[in-house]
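A.B. asks: So the sequence lines, in the order shown, correspond to chains W and S. Numbers 5 to 302, taken from the working numbering, label the letters of the first sequence in order. Numbers 3 to 243, taken from the working numbering, label the letters of the second sequence in order.
What the hints contain is simulated information worked out from the structure, not anything from laboratory work. Careful, some of the hints might be misleading.
Stated by the list, open to error - Here are the simulated distance ranges between beta carbons: (1) W:D147 to S:E90: 53 to 59 Å; (2) W:P98 to S:A30: 18 to 24 Å; (3) W:A189 to S:P72: 38 to 44 Å.
Stated by the list, open to error - In silico DSBU-like cross-links for lysine-lysine, where the CA-CA straight-line distance does not exceed 35 Å: (4) S:K131 to W:K169; (5) S:K131 to W:K152; (6) W:K255 to W:K116; (7) S:K131 to W:K116; (8) W:K70 to W:K85; (9) S:K131 to W:K89; (10) W:K291 to W:K152.
Every residue gets a Cβ at the ideal spot worked out from N, C-alpha and C, and that includes glycine.
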Amino acid sequence: MKRLLISCLALAAAALSAGAARAETTLEKIARTGTLTIGTRTGSPPFAYVDKQNQWVGFSIDLVEKFIVPALSKKVGKPVKVEKKESTPATRIPLLTSNAVDVIAETMTDTKERRESVDFSLTFFYTGAQFLVKKGSPITGIDTVAGKRVAAQQGATNARILREKVPTVQLREFPDQPAAFQALAQGQVQAYTNDGIQLAGLKAKAPNPNDWAIVGAFYSNEPYGMAMRKNEPDFRNLVNQGLAEAIESGKYFELYEKYFGPKGEVPYPLTSEAKRLLQAAAAEFRKTPGGALGSPGK
Amino acid sequence: MNYRFDWSVLWSGQSGAWLLHGVLTTLAMSALAWLLALFLGILAGALRTAPLAPLRALATGYVEFFRNVPLLVWMFFWYFAAPPLLAENLRDWLFDHGAEFWAGTMALGVYHGARFSEMIRAGIQSIPKTQFEAALSTGLSTGQVYRLVVLPIALRLIIPPLTNESLNLLKNSSVALTIGVAELTFQTRQIETYTAKAFEALTAGTLIYLVLCLTIAAVMARVERRFAIPGMIARVGGAER
Numbered sequence: 005m006k007r008l009l010i011s012c013l014a015l016a017a018a019a020l021s022a023g024a025a026r027a028e029t030t031l032e033k034i035a036r037t038g039t040l041t042i043g044t045r046t047g048s049p050p051f052a053y054v055d056k057q058n059q060w061v062g063f064s065i066d067l068v069e070k071f072i073v074p075a076l077s078k079k080v081g082k083p084v085k086v087e088k089k090e091s092t093p094a095t096r097i098p099l100l101t102s103n104a105v106d107v108i109a110e111t112m113t114d115t116k117e118r119r120e121s122v123d124f125s126l127t128f129f130y131t132g133a134q135f136l137v138k139k140g141s142p143i144t145g146i147d148t149v150a151g152k153r154v155a156a157q158q159g160a161t162n163a164r165i166l167r168e169k170v171p172t173v174q175l176r177e178f179p180d181q182p183a184a185f186q187a188l189a190q191g192q193v194q195a196y197t198n199d200g201i202q203l204a205g206l207k208a209k210a211p212n213p214n215d216w217a218i219v220g221a222f223y224s225n226e227p228y229g230m231a232m233r234k235n236e237p238d239f240r241n242l243v244n245q246g247l248a249e250a251i252e253s254g255k256y257f258e259l260y261e262k263y264f265g266p267k268g269e270v271p272y273p274l275t276s277e278a279k280r281l282l283q284a285a286a287a288e289f290r291k292t293p294g295g296a297l298g299s300p301g302k
Numbered sequence: 003m004n005y006r007f008d009w010s011v012l013w014s015g016q017s018g019a020w021l022l023h024g025v026l027t028t029l030a031m032s033a034l035a036w037l038l039a040l041f042l043g044i045l046a047g048a049l050r051t052a053p054l055a056p057l058r059a060l061a062t063g064y065v066e067f068f069r070n071v072p073l074l075v076w077m078f079f080w081y082f083a084a085p086p087l088l089a090e091n092l093r094d095w096l097f098d099h100g101a102e103f104w105a106g107t108m109a110l111g112v113y114h115g116a117r118f119s120e121m122i123r124a125g126i127q128s129i130p131k132t133q134f135e136a137a138l139s140t141g142l143s144t145g146q147v148y149r150l151v152v153l154p155i156a157l158r159l160i161i162p163p164l165t166n167e168s169l170n171l172l173k174n175s176s177v178a179l180t181i182g183v184a185e186l187t188f189q190t191r192q193i194e195t196y197t198a199k200a201f202e203a204l205t206a207g208t209l210i211y212l213v214l215c216l217t218i219a220a221v222m223a224r225v226e227r228r229f230a231i232p233g234m235i236a237r238v239g240g241a242e243r
């Protein structure tokens with residue numbers, strides 16, 4: 005009994021001292037386990053979704069697996085496999101800060117506020133807020149929504165921007181896309197605002213896509229970045245290296261065409277401006293490795 | 003742990019105003035829903051003990067239906083399914099004038115009314131039959147017996163479970179965020195989104211609910227002591243002074 009007690013105490017002491025030691029960095033963890041854990045949202049095609057073979061696939065997952073993983077494997081000197089976990093707007097930052105995942109690869113906008121809690125990669129997708137309306141609606145963009153009832157998604161940054169730009173707008177915020185769309189379909193609201201790419205996805209999935217129209221120019225910038233824990237420049241550099249490689253080799257644009265092209269899951273043409281920004285960021289990263297980050301929209 | 007706590011996000015910028023607005027909305031909605039629930043609860047609870055079978059059936063139907071439908075579904079019903087039955091002009095007017103608040107309040111009140119009624123029925127049925135007969139024998143009508151004798155005693159008996167259920171009602175008002183009511187939980191999530199400070203925002207929300215609930219519980223405990231029927235309820239601890 006006494007021996008048992010002593011060994012228990014010794015074990016506790018060992019555990020405590022291990023806890024007190026310097027926490028393992030993400031790169032060290034990947035080198036030890038050979039696993040990169042990503043948080044992604046499978047309900048956001050074509051960024052991430054579950055295919056017919058029950059595999060998690062999509063644009064952001066391809067970017068990680070085809071470009072970031074090779075960069076990591078080369079660095080740690082052994083093959084790295086990807087483990088995927090479901091993340092949501094509410095859980096993604098806690099998932100990162102609690103070490104449950106290493107990278108968030110989903111439709112997460114890079115903002116100044118979020119940069120206080122996490123670091124972002126180079127921007128890997130450019131979009132901005134627009135409006136989804138019933139075809140033939142008098143709403144044609146941000147100039148026409150004053151006094152109108154507009155749905156937004158709780159947690160979307162564009163709701164705040166819309167309220168700042170058009171103080172008289174009647175915002176109604178819903179917890180998820182289906183509820184907001186339902187409200188639009190039934191007349192509770194007259195328009196639904198979200199990132200253009202999200203609206204394009206919603207329209208593509210709607211029973212009658214031609215009944216709906218996406219209107220207005222982008223009234224906000226929503227650059228999507230991959231989020232990581234703060235102050236891990238080596239790891240962030242490897243992620244950025246993968247993304248820069250994808251853009252410079254042109255393979256990024258092939259992937260884009262595959263997922264967002266006319267025959268893709270959600271048609272969403274790449275603008276020349278987005279292309280220019282992506283290439284400029286990759287070039288900037290090449291010039292100052294270690295320094296370059298994405299570009300927070302606000 | 004490399005998380006940096008920053009409690010100032012709770013009052014800097016718009017956060018403070020949002021929180022205050024959220025608390026007021028939660029309180030307004032809960033208070034209105036509570037009144038509705040109490041009215042429906044007393045009505046249905048009394049009807050369930052009524053001598054006429056159709057009245058009992060009506061009340062039982064109401065209670066069984068709402069006790070067994072999730073509040074969320076019921077809230078969606080009021081917001082998404084009920085309005086299309088209205089004329090378009092009226093509907094547009096409603097949606098321009100806080101329809102989501104009223105839909106949420108109705109859903110919450112009707113749902114908890116069913117739950118209140120079960121407690122009220124239990125309270126009424128715990129009153130000895132002889133007491134009812136004694137009151138009738140003094141010349142009161144059945145209606146008067148209910149109003150003047152049975153309900154006053156029953157309502158006193160049900161204060162503790164009623165407190166419990168009232169607190170549930172207050173907390174359940176957070177379900178209204180699904181139909182876009184800007185109540186307390188909605189506002190804490192909004193702060194969380196805009197500041198990326200989940201821990202701080204959720205802690206603030208939790209503490210506010212805790213303070214509200216403890217305050218209500220304290221008030222109800224006072225009410226219970228104030229209206230206690232001497233000699234009727236077994237006293238525990240030092241409540242009787």
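A.B. asks: A separate judgement is required for each hint: does it hold in the structure or not?
C.D. replies: Outcome of the hint check:
{"no.": "1", "hint": "W:D147 to S:E90: 53 to 59 Å", "in the structure": "violated, 26 Å"}
{"no.": "2", "hint": "W:P98 to S:A30: 18 to 24 Å", "in the structure": "violated, 31 Å"}
{"no.": "3", "hint": "W:A189 to S:P72: 38 to 44 Å", "in the structure": "violated, 23 Å"}
{"no.": "4", "hint": "S:K131 to W:K169", "in the structure": "violated, 68 Å"}
{"no.": "5", "hint": "S:K131 to W:K152", "in the structure": "violated, 60 Å"}
{"no.": "6", "hint": "W:K255 to W:K116", "in the structure": "holds, 29 Å"}
{"no.": "7", "hint": "S:K131 to W:K116", "in the structure": "violated, 70 Å"}
{"no.": "8", "hint": "W:K70 to W:K85", "in the structure": "holds, 11 Å"}
{"no.": "9", "hint": "S:K131 to W:K89", "in the structure": "violated, 62 Å"}
{"no.": "10", "hint": "W:K291 to W:K152", "in the structure": "violated, 47 Å"}
Hints 1, 2, 3, 4, 5, 7, 9, 10, counting from the list given before, are not met by this structure.
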